[in-house]
Amino acid sequence: MSRREEILARVKTVEALPSAIQQAIDLLGDADADMGELARIIEFDPGLTSNVLRLVNSPYFGGLRTITSLREAVVRLGAGQVFQLLIACGVIPCMRAEIKGYGLSPGMLLEHSVVAAVAARTVARELGLTAPDHTFTAALLSNIGKIVLGTFLEVDAGPILEIATRHGLTFEAAEEAVLGISHDEVGAALLEHWHLPEPIVFAVRWRLKPEQAPRRDLALDLVHMGSALALMTGLGVGVDGLNYRPSPVVAERLGLDAAALERILASVVTALDEVRALFTA
Amino acid sequence: MQQVIVVNISDMKVSRKHGDVLTTYSLGSCVGVAAWDPKALVGGLIHCLLPLSTSSPERARENPYMFVNTGVGTMLKTLFRMGATRETVVIKAAGGANMRGDDLFHTGARNTEVLRELLTRHGFTLAAGEFGGSIPRGLTLCTDTGRVTVKTFGKEHDL
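Quick mapping for you: the protein sequence lines, in order, are chains A and B.
The numbering of the first sequence is our numbering, which starts it at 1 and goes up by one.
The numbering of the second sequence is our numbering, which starts it at 1 and goes up by one.
Don't take every hint at face value.
[As the list claims (entries may be wrong)] Across the chosen pairs, the derived CB separations fall in these ranges:
#	chain 1	residue 1	chain 2	residue 2	range
1	B	85	A	94	38 to 44 Å
2	A	14	B	57	43 to 49 Å
3	B	101	A	195	31 to 37 Å
4	B	54	A	78	36 to 42 Å
5	B	120	A	218	51 to 57 Å
6	B	145	A	156	34 to 40 Å
7	A	152	B	155	25 to 31 Å
8	B	155	A	276	57 to 63 Å
9	B	17	A	4	52 to 58 Å
10	A	276	B	3	20 to 26 Å
11	A	72	B	127	58 to 64 Å
12	A	159	B	5	46 to 52 Å
13	A	162	B	54	37 to 43 Å
14	A	14	B	132	45 to 51 Å
Quick caveat, the hints were computed from the structure, so don't treat them as lab data.
We put the beta carbon where it would ideally sit given N, CA and C, even for glycine.
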């Protein structure tokens with residue numbers, strides 16, 4: 001078995017998401033789904049319910065601090081938005097742990113992921129684009145492959161960084177050279193294993209190679225640039241450092257130049273305190 | 001007793017208290033500037049996100065520390081009010097990393113360039129600096145000794 005096959009096989013052994021989330025995902029996949037049923041499933045999990053309510057009531061997600069039940073959240077914000085926040089709440093617990101192999105102490109991966117998610121949404125807002133519902137969640141999950149590689153497989157990213165530096169490669173290219181697979185592809189495989197919706201899996205899968213993606217996708221472009229901005233802030237960055245390349249093609253497609261990028265970075269950092277508190281509480 | 005004071009992104013802290021340590025983590029493209037006066041024994045540390053306030057004048061009014069051109073001068077003036085002088089203040093800086101193969105934005109390089117220009121224009125010398133590359137850095141200043149260290153990937157060295 002090659003190292004790549006070994007890694008992909010290991011992904012399939014990762015524990016499933018909490019059952020309420022898995023049931024909600026399955027329900028959302030059903031075109032005839034009853035949205036009241038979605039609320040009912042989530043309400044069986046009180047911790048999850050309170051976390052989702054905290055998000056839907058926050059000004060950042062357009063809430064008015066008056067939504068008291070998931071049924072009301074679904075009615076007022078729409079099932080799509082609630083579903084995205086539900087996925088975020090379900091996955092966050094596994095993003096808090098230390099990821100030794102990638103030099104991420106406890107909380108760092110979550111910190112970086114929240115910055116990337118805020119940045120992806122801010123890029124859209126500042127450029128006058130409408131971000132698809134799943135943009136925030138996809139960006140939040142964009143580094144999740146590092147959990148599989150750095151924790152479950154105990155990959156040490158140090159030697160990978162050396163190769164990237166020595167040969168002038170991006171980090172994902174060095175991962176491919178050493179492991180036969182990069183963390184973005186591993187992350188997408190994990191999200192597929194969890195039955196997450198295809199648009200999220202797609203954005204995570206092609207985040208680092210948007211020019212090679214089989215189709216153009218606005219959420220992917222936003223997640224790509226959100227990730228780039230998060231790296232520039234330096235927040236929650238591990239041993240892979242800033243060894244990733246922002247795509248000029250995506251920048252042109254979005255209409256993002258250096259002046260806009262700086263304006264957006266300022267907005268992202270300003271919004272962070274509020275959003276960070278929502279996810280780290 | 002040693003007290004660690006954390007300087008966040010777009011933030012600045014000063015201290016004259018013996019044993020205080022000013023530190024900032026996660027300098028990506030940002031630049032961190034440490035200024036210390038050996039006579040007045042006061043020090044300051046700033047973590048600037050962006051080079052020029054013209055990119056977001058409104059944000060600069062709310063928080064001048066976000067930008068190199070408005071933040072560094074504000075920090076130095078604060079230190080001068082605390083007894084530091086132009087002649088004795090020691091300035092060191094680090095950060096300004098760039099994404100690998102970034103031919104688009106050059107944010108780290110621009111932060112570094114604007115800092116260097118600003119200091120030169122106002123007659124200050126950069127005593128030490130470590131900029132560029134694609135690595136995140138942390139920067140720490142001990143206010144009683146003026147020791148400045150850079151931390152990358154868990155390893156720390158003097159600047």
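Check your understanding: Does 20 to 26 Å hold as the CB distance between residue 276 (chain A) and residue 3 (chain B), or does it fail?
Key -> Between residue 276 (chain A) and residue 3 (chain B), where Cβ atoms are some 24 Å apart, the hint holds.
Review point. Would you say the C-beta atoms of residue 14 (chain A) and residue 57 (chain B) sit inside 43 to 49 Å of each other?
Key: holds, 48 Å
**Study point:** Range agreement (Cβ of residue 195 (chain A) with Cβ of residue 101 (chain B), hint 31 to 37 Å)
**Key:** holds, 35 Å
Exercise for review: Using the Cβ atoms, figure out if residue 145 (chain B) sits within 34 to 40 Å of residue 156 (chain A).
Suggested key: With a Cβ separation near 35 Å, residue 145 (chain B) and residue 156 (chain A) satisfy 34 to 40 Å, so the hint holds.
Exercise for review: Hint says 36 to 42 Å; check whether the CB-CB distance for residue 54 (chain B) and residue 78 (chain A) agrees.
Suggested key: holds, 39 Å
Check your understanding: Should the hint that residue 120 (chain B) and residue 218 (chain A) are 51 to 57 Å apart at their CB atoms be regarded as holding?
Key -> Given a distance of about 43 Å, which is not inside 51 to 57 Å, the answer is violated.
Check your understanding: Is it true that residue 17 (chain B) and residue 4 (chain A) lie within 52 to 58 Å of each other by Cβ?
Key -> Holds: the Cβ-Cβ distance is about 55 Å, inside 52 to 58 Å.
Review point. Taking 45 to 51 Å as the hint, is the beta-carbon distance of residue 14 (chain A) and residue 132 (chain B) inside that range?
Key: The hint (45 to 51 Å, Cβ to Cβ) is violated, given that residue 14 (chain A) and residue 132 (chain B) are roughly 38 Å apart.
Point to revise | Whether the CB-CB distance between residue 162 (chain A) and residue 54 (chain B) falls inside 37 to 43 Å | key: 40 Å Cβ-Cβ, so the 37 to 43 Å window holds.
**Study point:** residue 5 (chain B) and residue 159 (chain A) - C-beta distance against the hinted 46 to 52 Å
**Key:** violated, 36 Å
Review point. Is the distance from the Cβ of residue 155 (chain B) to the Cβ of residue 276 (chain A) consistent with 57 to 63 Å?
Key: violated, 27 Å
**Study point:** Cβ separation of residue 72 (chain A) and residue 127 (chain B), checked against the hinted range 58 to 64 Å
**Key:** holds, 60 Å
Hint violations for this structure: numbers 1, 5, 8, 12, 14, all remaining hints satisfied.
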